[in-house]
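K.L.:
Knowing the structure of chain A, use the given hints to seat chain B on it.
For the record, the sequence lines run as chains A and B.
My numbering applies: residue 1 is where the first sequence begins, and numbers increase by one.
My numbering applies: residue 355 is where the second sequence begins, and numbers increase by one.
It is possible that part of the hints are untrue.
Unchecked claim - Example chain B residues on the side facing chain A (calculated, C-beta under 8 Å, incomplete):
#	residue
1	Leu450
2	Val588
3	Gly624
4	Pro632
5	Leu639
6	Ile642
Treat the hints as calculated values from the structure; they're not laboratory data.
For glycine and all other residues, C-beta sits at the position ideal for the given N, C-alpha and C.
Now for the letters of each chain:
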Amino acid sequence: MTAVSTPGGMQPVPEDQLHVRAQIGEEILRVDGLTKHFPLRGGVFNRQYGAVRAVDGVSLTINAGETVSLVGESGCGKSTTGRCIVRLLDPTAGHVYFKGHDLAQMSHRQMRQMRREIQIVFQDPYASLNPRINVNEIIAEPMRIYGRYKDGGKERVKELMRIVGLNPEHGNRFPHEFSGGQRQRIGIARALALNPQLLILDEPVSALDVSIQAQVINLLEDLQNEFGLAYLFIAHDLSVVRHLSDRVAVMYLGHVVEFGTKHEIFENPTHPYTQALLSAVPLTDPRMRGKRERIVLEGDVPSPSNPPSGCRFRTRCWKAEDICATEVPELIDRFGHGHPSACHFAEPKAVIRG
Amino acid sequence: MGAEPQFVDAPTGVADAEPLLSIRDLVTEFKTPDGIVHAVDGVSYEVFPGETLGVVGESGSGKSVTVMSVLRLIPQPPGRIANGQILLDGTDLLQLSDADMRKVRGKDVAMIFQDPMTSLNPVLSVGDQLAEAILVHNDIGEDAARKRVVELLELVGVPNADQRFDQYPHEYSGGMRQRAMIAMAMANQPKILIADEPTTALDVTIQAQVLEVLERAKEETNAGVILITHDLGVIAEMADRVVVMYGGRVVETGTVDEIFHSPKHPYTLGLLSSLPRPDVDMERLVPIPGQPPSLINLPSGCSFHPRCHLGEGRQTCRTEIPPLFELGPMRASACHFHEEMEDEIHRVESTTGTAIEGDEA
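Next up, chain B with everything else stripped away, as it sits in the complex:
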């Protein structure tokens, strides 16, 4: 076992805390017959201990490729990490040898995938697979590993954990499989827990169970959690801070409250106004017009400009790539005209008939 993670009060006082993981200027590309796909184009974000960082974006926004690059699970070729640093406790993961990287995966950085059926081995019992995760990184006996696995399964709420140990993945239901995946991910007290669409394949009542387990896993390990999802409801429920991605770039960062109640990027606002709400009747949704951009030929300037109402007819948006403007500590927006967002919000609110800015609760 490595050093116990320190308990730091993140993220409210993050200014003084050191980030656990910091992704700097990451560029990941894929070579295809049609041209080079710029899946991740200069992404930077940080994760602090004990916080849940939500990463939102639609399909093709690069949110999954970013974390796959962190784990160096990008198939090379056709993929290539062309630039950037991934600092875990000061060590650049991109510089590690393959052997050293294997020691990081599943130990310091663990991952929960979307589809537990394809990420579990169907011909090994669930217990054996979890035990393997422990045995690879720890010098303990098989009996001790089994005991630890049963403990973990109990922790994530698998009933009759001792008997369930010897069952195979097909004997588990979808929710149970995802619990087993979470148990595997937390087996080695990881510093960073990456959950890539962990509940997308699950029904809503099962999703509620699994999210609760994920929250418990975070508390248990004090890991920094990167939660990737396209479901804004899950983000609102789970995340402390949010990174919004579009076309392979970060377009906005902020606390979950800032993102949902005072978005500073038109794309974020577009996501919010596209979303029907379960608790309020909306008059009319305001979708984002058009289609997501092609990552081979990103639009010039701000890649969101062809779909943007705020940038309509503005030269700057078409020609200049907006930098990520710092708006405060951990708060940034990549929009040339982020100062005009208040009017945009009011415009959208009048169509949807619901408030985005909302009262202080």
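Bound conformation, chain A alone:
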């Protein structure tokens, strides 16, 4: 296993302790300069003429037992980041350290052993379950792959179904017999089967109706408390993000533009994009209508295959000056309150309630 010490991070955990559950608050994942470019090919010889720079130098950390959210609009690279972490996509550059071991450098065989610690739940509960095998088999599959099924696997499947709030008697049914919310529970049970330490939740509640969404959100909270799971929660719904997260990373066009505790991001955002995002969220209180200043951004998100020079947000930013076109703003703590912001003209401003 590649045991390099992480820059600024922790010493790698000895291999025999990799699968031991980390203490709450201990850093378990460090993403460092993660980059994923998808090549654009064309012409007679199918030559590469460019790249979609989906993720461009993303860095973040996750501690055991906490929820870190990646939030941003479609095409900002949040899902690609999640997939690179579990190596469903191979990153172009950068490092993903799980307890100090770089997943990005691992062989596929080594990675397989690590995957049981990092599981993923997908957005679409209709597409992520095999329609031809029953629920027992779906949940048992990870255990079979890791050779754990023979040893009490049947009981474990029943237990998992109970944990996620499904009736174990329904294990013989097929995915199409369940509603969207129940299917998402099946997906969560499958992800929990190997007792992972980190769950990547890729928009797990976006496809669900609000009453069902709340059921799944409560389930996720309960599971985290019970098993000390760490979550990387990928979502575009800022209300859900506020409810579930401990820390939030805001992404725009492949960059993290601001990273801080939930409270800092929602009550004290400093990056203009974060502020615009928060001011655009509809509040669920009609009495607040018209009482807050709304920052309406001009235009659309530029193409990630040809992102603007310097700060990528500058084409839609009302603060942009010449320096923004030439210099990429660094993601650094600019006000000493411990949450970094990637804007030359960062400025704390409460916007959510106007």
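P.N.:
Just chain B now, with coordinates in the frame of chain A:
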């Protein structure tokens, strides 16, 4: 051009205003191999000029089928409008001939759909499609129509409208397409503008832009707007009055403030307590237990009773279908025990840690 819409101060003084559109006791069913789906089961509501009526409900609540019935866009078969009246300015749309109905669609009643990519024709330029909407209903030349389209595109905030006229839908971004749809809907100064999940497919910053455009379109035409969405935030932001639907029936109506701050139906309260808030930290969400009902076999009595805390163990809820109790002008609830809602609200508030009743702002 028909008669200019009148400027009536709705909805605060709605009592004296005449409704533009009134849906009465509408029943729409679909025949399926598993049985008859009662998608809309006796729905009545009214829309007044210049107001935005929000229609809320989860998937399968019948909110879209209701407005599709208004436009008579229900595929028949398998669908069937089994009962009811849809009165637009006193004319029952359900009695019109197909030819007369075509004159209503896109003129008196216009619709904005959720997904602008599938509702625009990919092989015609956006401008031509908008011009078509105008030419069908007005006896004007193509040049005049083009001029009007460019005006409309400018009005909804499409930059370089003159060049954008000749572009095709795939050359527009999602937000721009939805603006074009709004422009098309307002092209003929409709009396009723129906927006079915107009921003669901859009990102939040684009959603804010489009909602602003929709508001402008309403002011421009003084149409009555029916805004259908499952997003309570959009309702709180846009609607004047709200209709809450569940299992094909209306369960509560009221002003937007009444719905959000003193709900009189346990389902409405359930929606509110399920909803995380962007501006306040909540301790714990209170979801509605169970699943939405099957529209083939609706639960007996109140269709919400299997999921209801208030009705737990109560015989009445299981056996009697609650009528829509009038609680005031334009205020109604279909709950046998709506008088006990105050205690329910307090019970929920103590779990979520946030106030629903709230102070007067």
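K.L.:
Each hint should be assessed against the structure and marked as holding or not.
P.N.:
We went through each hint and held it up to the structure:
| no. | hint | in the structure |
| --- | --- | --- |
| 1 | Leu450 | violated (35 Å) |
| 2 | Val588 | holds (5 Å) |
| 3 | Gly624 | holds (6 Å) |
| 4 | Pro632 | holds (4 Å) |
| 5 | Leu639 | holds (4 Å) |
| 6 | Ile642 | holds (4 Å) |
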